[in-house]
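In the numbering used here, the protein residues as written are 3 to 138.
Do not rely on the hints blindly, as some may be mistaken.
[As the list claims (entries may be wrong)] FRET-style restraints, in silico, Cβ to Cβ:
no.	residue 1	residue 2	range
1	34	75	34 to 42 Å
2	32	109	28 to 36 Å
3	85	34	35 to 43 Å
4	100	135	33 to 41 Å
I should point out that these hints are in silico values taken from the structure, not numbers from a laboratory. Here the structure is a predicted model, which means the values were calculated and not measured. Glycine is no exception: its CB is placed at the ideal position from the N, C-alpha and C atoms.
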Amino acid sequence: MELIAQATRGVRELQAIREAIRATTNPDRPPGSPAALVQVFPDGPDLGSIHTLSNGPVVIGRGPASGIKVIDQSVSRAHARLEFLPSGRLVVTDMGSANGTFINDTLVRMGEACEGDFVRFGSCVFRFLAAIPPGQ
């Protein structure tokens, strides 16, 4: 019975993430909307928080120098470096974090996220929303 509980843990987490996505993201973003990360897990005061991304690199973490601050002990002080590219992709570079950086459940040292991808820092999951050009 314990093996079944362990095997379904990921399914329960995925269901919670899907519910949070439905509750926190608007698929009909208006033209001119900037690229952003929306926190979709875990439940709490930061659920649904939107972090706008600019063209320059930004660090996500718990530390005072982080451009995107995440108050969760599973996130390192300087967890990862993020850079939104003009191509619409997000380059994610792990900065030697203790709990890893993932794009769609794949552990990455450096990777690219596309519109709708999930990016996880420690146990905090975000959905990447690419910029929508004006007039589209």
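Tested hints:
Between residue 34 and residue 75, the C-beta spacing of about 37 Å keeps the proposed range 34 to 42 Å intact. Checked against the hint of 28 to 36 Å, the pair residue 32 and residue 109 passes, with Cβ atoms roughly 35 Å apart. The hinted window of 35 to 43 Å between residue 85 and residue 34 is violated, with their beta carbons roughly 21 Å apart. Evaluation of the 33 to 41 Å hint for residue 100 and residue 135 yields a pass: the beta carbon distance comes to about 38 Å.
Of the numbered hints given earlier, the model fails hint 3 alone.
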